[in-house]
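These protein sequences, in sequence, are chains A and B.
Each residue of the first sequence is one higher than the last, beginning at -19 in our numbering.
Each residue of the second sequence is one higher than the last, beginning at -19 in our numbering.
Bear in mind the hints are in silico, worked out from the structure with no lab data behind them.
Keep in mind that a hint or two might mislead.
What the hints assert, rightly or not - Looking from chain B toward chain A, a few residues come up when the C-beta cut is under 10 Å (computed): (1) 112; (2) 162; (3) 166; (4) 243.
As the list claims (entries may be wrong) - Some chain A residues close to chain B (C-beta under 8 Å, calculated; not the full set): (5) 64; (6) 101; (7) 239; (8) 255; (9) 264; (10) 347.
What the hints assert, rightly or not - Rough simulated footprint, nothing fancy, chain A against chain B, three-plus residues with beta-carbon under 8 Å: (11) -3 to 11; (12) 94 to 100; (13) 183 to 196; (14) 353 to 364.
In this text, all values refer to a predicted model and were calculated from it rather than measured experimentally.
The beta-carbon is built from N, C-alpha and C at its ideal position, and this holds for glycine as well.
Protein chains: 2
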Amino acid sequence: MNESTPDVPRTTEGTRLDPWFDAYAARAHRMRASEIRALFAVASRPEVVSLAGGMPFIGGLPLDDIGEMMSRIVRERGQVALQYGSGQGDEQLREQITQVMALEGISAHPDDVVVTTGSQQGLDLVTNIFINPGDVIVAEAPSYVGALGVFRAREADVVHVPMDAEGLIPAELEQTLVSLKAAGRRVKFLYTVPNYHNPAGVTLSLERRPQIVDICARHGVLILEDNPYGLLGFDREPMPALRSLSPEGVIYLGSFSKTFAPGYRVGWAVAPHAVREKLVLASEAAILSPSNMSQLAISSYLDHFDWQGQIKAFREQYRERRDAMISALQEYIPSATWNVPDGGFYVWVKLPEGLDAKSMLPRAVTARVAYVAGTAFFMDGSGADHMRLSYCYPTPERIREGVRRLATVVDAELETVRIFGAAAASSDGSVDFPAPDLA
Amino acid sequence: MNESTPDVPRTTEGTRLDPWFDAYAARAHRMRASEIRALFAVASRPEVVSLAGGMPFIGGLPLDDIGEMMSRIVRERGQVALQYGSGQGDEQLREQITQVMALEGISAHPDDVVVTTGSQQGLDLVTNIFINPGDVIVAEAPSYVGALGVFRAREADVVHVPMDAEGLIPAELEQTLVSLKAAGRRVKFLYTVPNYHNPAGVTLSLERRPQIVDICARHGVLILEDNPYGLLGFDREPMPALRSLSPEGVIYLGSFSKTFAPGYRVGWAVAPHAVREKLVLASEAAILSPSNMSQLAISSYLDHFDWQGQIKAFREQYRERRDAMISALQEYIPSATWNVPDGGFYVWVKLPEGLDAKSMLPRAVTARVAYVAGTAFFMDGSGADHMRLSYCYPTPERIREGVRRLATVVDAELETVRIFGAAAASSDGSVDFPAPDLA
């Protein structure tokens, strides 16, 4: 099976069979379905071990109690839960969100908070109000695929800045901003995932946090801090958010998708006051108001459940899965290299010399294991020497089995490279964006 | 109380106090909070009769049973309900949506359906994929304020086409399209609410439906059919949707907000296949995926409740409220004129000569009654001689009382005009967009 196999359907974009092809906006032509989307349909079959998805493990949630909570919300507050709400979001939930953020040193007023349909909507709203086509967004190399999808759809240019084991490198950021200024380019914001980075798994060190904030302040560049994993560290208390260091210089995005459940689609943005007002207007245009039912559910969960205890349980589960993945990598694919994340969902694996994660993917799926190729996390299609492995969803046993299967594919690729050279195993350099919920 | 009263806070847009004012995208500067937003904060006090909002009457829903349904969903299908879903939406719900649409003559495949976060998101997605700044959207005069908000945010030009008691006038549409073509303008789509129009209350006649479809087909103009009220007619069966006449020429938007409950934020779009694929990509960039919890709730409601019987009950309730409003208008404000809607939520009232609905609004709120001035429904700020009255939410008694209060304000305005002339009662012609959920 390879990418030209006829039973993998190709997308229809660009075909003249679309009667409205000539009517699309310029930005719509930049939106492309990934060819690996078809692979993901295969990858989601039960016999495939998916190390691709970012789906949290919600098996440990007390479903009976949550069900009873939902019933009570409708019985007792149905006239609110079933009705339209405010564009900014439920006031009580916004108050509770400020308490959640206090765990990371953020002091915010509920009026600074906008409730969003997942933090993905926060990404879209911020990009919407700041980006003219061609504006520059500076982002880590690599960066979250769903953010790159938004930036691409909004016609931004993304300039990547290198990271190391301590996260974004301040000197590289400084140099990038200086170069862009010298080239007359307008940098609108720095997009960063400081904690348990997706996909790189690293965390911005305590020392670097004020340095990053200071560099951006000196260059007049806003920071967009995306923090879905901050409370999911395995070995330490949460670090202070960038927002806690610079309330006027940072827009912070948070989410209940990883600390509770993504099915409600509730996230939030915290922004300087005038920006917050723009975000509300943009959100009203996009969806009128977030779901009252979902908001009351989150609010009630925070009120009546031991949500911090549940997060502790999640941390233990994810730590066990990380351990399973790391030990399986050591055992089965010692020729690769990787970081050992101390929180979050992801291991960022560098393949042995000559291997290409993108071209290898169809063969991996045939061997019943899936991952996301590194190319998804760079705007320019680089990153083919990396893959992202997720340990959040499968059991430890499945993770071991998945890595074992992956090892057979890697070994076969290495054999191909040995015989025919690296070109036989490399992709064409084009970028595929998988559906973000799978990434 | 008038618009310069100090206790009505003015919005902060444009102030140099915003440190990021210079960083916004061009489109963000077009987003403006309405000054009447502050009035709506007053208007939402319990002592004010609001004839402004489009909030459906959900008091008749069986809350205990719906609560039990929510509990069952989490207990039995919690691993799905609480997890991420697909960007296009739940497959079973999409199948059920095709059955709902069959009531209006639409034959669609579930694969043609995209589930959206309310039909407002459908409006945003369609505008997103078709509109470059400066492109023309043709729309009825007047048009739904929330659609105009999206079109404005996406930098479209809106050209209004007149309606009469039978809806959009075909000859006027034809002439408008010819003129725009002659002027070299690119018309991307016709935006229309064919049934129980918001705010005009009229319905496109059976005879005109194929004519409108034909005119648009000849000019190569897509139709965006927005149909939240189609099943809420008082005296007749639903008319065939424009989509049923031209599956390839129409994008259809539907919603469960008026036929069930808006608190779940579930709507949908049906589009030609290639367009549908773009809509899914745009939706994934915007929100990853719609809420599984909300989708399973709607799906379960359609499966286990007499949803068509509930719609019949809604129709009876709304008919009673329409009757209350029309008889109160006849009794208290005979100097105005209005249509008598045979479905939906709205009466479109033309004020007596010389009165201005926009400048009168603060005085109405002082008299403890609220409405939406006609200016909200035109892109160019015309329409000040009209107001939209909603009968969907207040009880018949409150509707009568609201119209009685409105009459005292109208009478006082007429007296002012008689003494000082019309200029004393007129607004400045600028357009205010109220929060769409209030409109």
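Worksheet item: Honestly, which of those hints from before does the structure not fit?
Response: 2, 7, 10, 13 and 14
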